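Counting from 11, one number per residue, gives the positions in the sequence shown under the working numbering.
Hints in this document: simulated from the structure, not taken from any laboratory.
On a predicted model such as this, the values are computed, not experimentally measured, just so you know.
Watch out, some of these pointers could steer you wrong.
[Stated by the list, open to error] Subject to a maximum C-alpha distance of 25 angstroms in a straight line, what follows is the list of computed DMTMM-like cross-link-like pairs (lysine to aspartate or glutamate):
| id | residue 1 | residue 2 |
| --- | --- | --- |
| 1 | K290 | E134 |
| 2 | K309 | E342 |
| 3 | K290 | D326 |
| 4 | K287 | E134 |
| 5 | K352 | E305 |
| 6 | K290 | E342 |
| 7 | K336 | D375 |
| 8 | K139 | D213 |
| 9 | K453 | D520 |
| 10 | K251 | E125 |
| 11 | K287 | E342 |
| 12 | K396 | D375 |
| 13 | K379 | E342 |
| 14 | K208 | E271 |
| 15 | K519 | D467 |
| 16 | K139 | E204 |
| 17 | K470 | D505 |
| 18 | K466 | D520 |
| 19 | K302 | D375 |
| 20 | K137 | E197 |
| 21 | K453 | D467 |
| 22 | K104 | D243 |
| 23 | K471 | E365 |
| 24 | K352 | D326 |
| 25 | K405 | E342 |
| 26 | K290 | E271 |
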Amino acid sequence: MKISFPTDIKSVSKIFILLSSLFIVVACNETISDQKIDAAQAGTSATQNEVSKNIFEHDQLETPAQNTEPTPNIWPRIQAGFTMPTDINHQALKSELSWYASNPLYMQRVLQRAEPFLYYILEETEKRKLPAELVLLPIVESAYQPFAYSHGRAAGIWQFIPATGKAYGLKQNWWYDGRRDIYASTEAALNYLEQLNKMFKGDWMLALAAYNSGSGTVRRAIKRNKKQNRPTDFWHLQLPKETRAYVPKLLALKELIANPEKYALSLHFIANTPGFKQVKITTQIDLALAAKLAEIDLKTLYNYNPGFNRWATDPDGPHTLLLPIKAADTFETNYSLLPADKHIQWTRHKIKNGETLGHIALKYDTSVKHLKTVNSIQGNNIRQGKYLVIPVASKNKSSYALTSTQRIKATQNIKRGRGKTRVNHLVQKGESFWTIARKYKVKMHSLAKWNGMAIKDPLKKGQKLVVWTKAMSSVATINPNNTIKSIHYTVKNGDSLSQIASKYRVNVKDLHRWNTIKSKYIQPGQRLKLYIDVTEQSSHQS
Numbered sequence: 011m012k013i014s015f016p017t018d019i020k021s022v023s024k025i026f027i028l029l030s031s032l033f034i035v036v037a038c039n040e041t042i043s044d045q046k047i048d049a050a051q052a053g054t055s056a057t058q059n060e061v062s063k064n065i066f067e068h069d070q071l072e073t074p075a076q077n078t079e080p081t082p083n084i085w086p087r088i089q090a091g092f093t094m095p096t097d098i099n100h101q102a103l104k105s106e107l108s109w110y111a112s113n114p115l116y117m118q119r120v121l122q123r124a125e126p127f128l129y130y131i132l133e134e135t136e137k138r139k140l141p142a143e144l145v146l147l148p149i150v151e152s153a154y155q156p157f158a159y160s161h162g163r164a165a166g167i168w169q170f171i172p173a174t175g176k177a178y179g180l181k182q183n184w185w186y187d188g189r190r191d192i193y194a195s196t197e198a199a200l201n202y203l204e205q206l207n208k209m210f211k212g213d214w215m216l217a218l219a220a221y222n223s224g225s226g227t228v229r230r231a232i233k234r235n236k237k238q239n240r241p242t243d244f245w246h247l248q249l250p251k252e253t254r255a256y257v258p259k260l261l262a263l264k265e266l267i268a269n270p271e272k273y274a275l276s277l278h279f280i281a282n283t284p285g286f287k288q289v290k291i292t293t294q295i296d297l298a299l300a301a302k303l304a305e306i307d308l309k310t311l312y313n314y315n316p317g318f319n320r321w322a323t324d325p326d327g328p329h330t331l332l333l334p335i336k337a338a339d340t341f342e343t344n345y346s347l348l349p350a351d352k353h354i355q356w357t358r359h360k361i362k363n364g365e366t367l368g369h370i371a372l373k374y375d376t377s378v379k380h381l382k383t384v385n386s387i388q389g390n391n392i393r394q395g396k397y398l399v400i401p402v403a404s405k406n407k408s409s410y411a412l413t414s415t416q417r418i419k420a421t422q423n424i425k426r427g428r429g430k431t432r433v434n435h436l437v438q439k440g441e442s443f444w445t446i447a448r449k450y451k452v453k454m455h456s457l458a459k460w461n462g463m464a465i466k467d468p469l470k471k472g473q474k475l476v477v478w479t480k481a482m483s484s485v486a487t488i489n490p491n492n493t494i495k496s497i498h499y500t501v502k503n504g505d506s507l508s509q510i511a512s513k514y515r516v517n518v519k520d521l522h523r524w525n526t527i528k529s530k531y532i533q534p535g536q537r538l539k540l541y542i543d544v545t546e547q548s549s550h551q552s
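Turn these sequences into a full structure, and let the hints guide you.
So this is what it looks like as structure tokens:
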């Protein structure tokens, strides 16, 4: 068929206008479809008003819009990575699922905290071909709270205890705790989980149970079941109560995120793009200065870098910071213009009679090790009249609100309900959480919690603790007869620490701590110091 084309200008113009109009309509329809798909992927549906508004806005266009596809949502990517089998009919899982579904505000808070870190953790699981359910594990562990600290001394979003953290390469010192470092702790956690998964021959439920309670606990439970000819899967093992709930919690979260509409959960949009960027620094830097260079507030900086305990980065590294994407670019530009000697402020301190490196380090909020390094001091001896150069913070201590010290102070200042009186206790030599709790007639776990600590944390002489007692109590009336007494006991032939502890109703661990005993053996004639409640002794012996 022969096609004739118009040659006059008016006809050509009409055809061009018609074709342009058709192009605009097609573009509008495609954009609207993309928006509907994106809304559905987010676990929510666009309202009719929103769709109508989008149509209206596109109808006003006089020229085709540029192809600006919406940023993809991360939730479909996470959902696609789920691989663990989930039996939603199991009672333990049902119970956890019901709780999460009934607490949408809790889920909203947790997912908002998780937002900056989800992309990074998902990327790392995908690189290792691990199930995407692991992205949700920090919800179970810590509710994605970067500064989370448990009664068992576990820290960070992945809740590493000190020993396990060290075993997996997480540095822990006065300046820095790698267990709270998002970057370092995620790598360590995934290494640990991979190892556990191999140990339990690809059974992720057993691996997760071991992550919570220890591989030895799970292996012993399996061994018991084998002896009794019982199944050795997670659901049939006799495990600690916390662990029996731990795995169902993760599976419940997986079910909830996989089917948000079913449980009326609204998953807010989280971009499938990096939430932060790791930037390099050359030396130790004052965190207040780093925040200024990045043009963000100090609290935001700490929330992205919760591994730093103090007002500055660790002088021995890691020499990196995590920053929001835009802030990272700003920081790198400003940092490149800053001379290296301006990263930290310095002062000179004249050593006074009786001062030690420990006293001076405490005064200036630095470490003895760093003082010795920057001043080329080999031993611990310093001379009166000599000068030390010392790194100092550019702002007052209270400005660094998320340092270890300031977080503890904030915890201590929380009012603990009606009818409670605050008592400030100064730790004496030989005291423990047990002796102090007994003195004030409070629970050890409560005492530790009031002070942002765990009951296994060591106490130092002179340390300040807060105790919340009943309103009728006071320092004078809590223990009016001063029944906690210090005594000395001379070890007799045949004595053991457990026998002595039982006799005086104290803890063997406290005997070790009070007397700095490293061995489990004691010798006849050895003198031991004990802190006992005399009323307990009389009632016990009568």
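Okay, the hints, checked on the actual structure:
At most 25 angstroms may separate the alpha-carbon atoms for a hinted pair to count; K290 and E134 meet this at roughly 20 angstroms. As the CA atoms of K309 and E342 are separated by approximately 19 angstroms, the hinted pair is consistent with the 25 angstroms bound. Between K290 and D326 the alpha-carbon distance is near 14 angstroms, which keeps this suggested pair within the 25 angstroms criterion. Taken as a hint, the K287 and E134 pair is honoured in the structure, with Cα atoms around 14 angstroms apart against an allowance of 25 angstroms.
The hinted pair formed by K352 and E305 meets the criterion: a straight-line CA distance of about 17 angstroms does not exceed 25 angstroms. With a C-alpha separation of about 8 angstroms, the suggested pairing of K290 with E342 holds against the 25 angstroms cut-off. Distance check on the hinted pair: K336 and D375 sit about 31 angstroms apart at the alpha-carbon level, beyond 25 angstroms; violated. The hinted pair formed by K139 and D213 meets the criterion: a straight-line CA distance of about 15 angstroms does not exceed 25 angstroms.
For the hint pairing K453 with D520, the CA-to-CA distance comes to about 16 angstroms; that is within 25 angstroms, so the pair holds. At most 25 angstroms may separate the alpha-carbon atoms for a hinted pair to count; K251 and E125 exceed this at roughly 30 angstroms. Our distance criterion of 25 angstroms between C-alpha atoms is met by K287 and E342, whose separation comes to about 11 angstroms. Restraint check for K396 and D375: satisfied, since their Cα atoms lie roughly 20 angstroms apart, inside the 25 angstroms limit.
Distance restraint check for K379 and E342: the Cα-Cα separation of roughly 30 angstroms exceeds the 25 angstroms cut-off, and the hinted pair is therefore not satisfied. Simply put, K208 and E271 have alpha-carbon atoms about 35 angstroms apart, too far for the 25 angstroms limit, and the pair is violated. Taking the CA atoms of K519 and D467, the gap is near 13 angstroms; set against the 25 angstroms cutoff, the hint holds. Taking the CA atoms of K139 and E204, the gap is near 10 angstroms; set against the 25 angstroms cutoff, the hint holds.
With a CA separation close to 29 angstroms, the supplied pair K470 and D505 exceeds the 25 angstroms bound. For the given pair, K466 sits about 11 angstroms from D520 by alpha-carbon distance, which is consistent with the 25 angstroms threshold. Using a Cα cut-off of 25 angstroms, the hinted pair K302 and D375 holds, with the two alpha carbons roughly 21 angstroms apart. Under the criterion of a C-alpha separation no larger than 25 angstroms, the hint pairing K137 with E197 is consistent with the structure, at around 11 angstroms.
For the hint pairing K453 with D467, the CA-to-CA distance comes to about 15 angstroms; that is within 25 angstroms, so the pair holds. For the hint linking K104 to D243, the alpha-carbon distance of about 19 angstroms falls within 25 angstroms, and the restraint holds. A C-alpha spacing of about 18 angstroms is found between K471 and E365, which places the hinted pair at or below 25 angstroms, so the restraint holds. A distance of roughly 18 angstroms separates the Cα atoms of K352 and D326; the hinted pair therefore holds under the 25 angstroms criterion.
For a cut-off of 25 angstroms, the pair hint linking K405 to E342 stands: about 22 angstroms separates their Cα positions. About 42 angstroms separates the Cα atoms of K290 and E271, which puts this hinted pair outside 25 angstroms; it is violated.
In this structure, the earlier hints numbered 7, 10, 13, 14, 17, 26 are contradicted, and the remaining ones agree with it.
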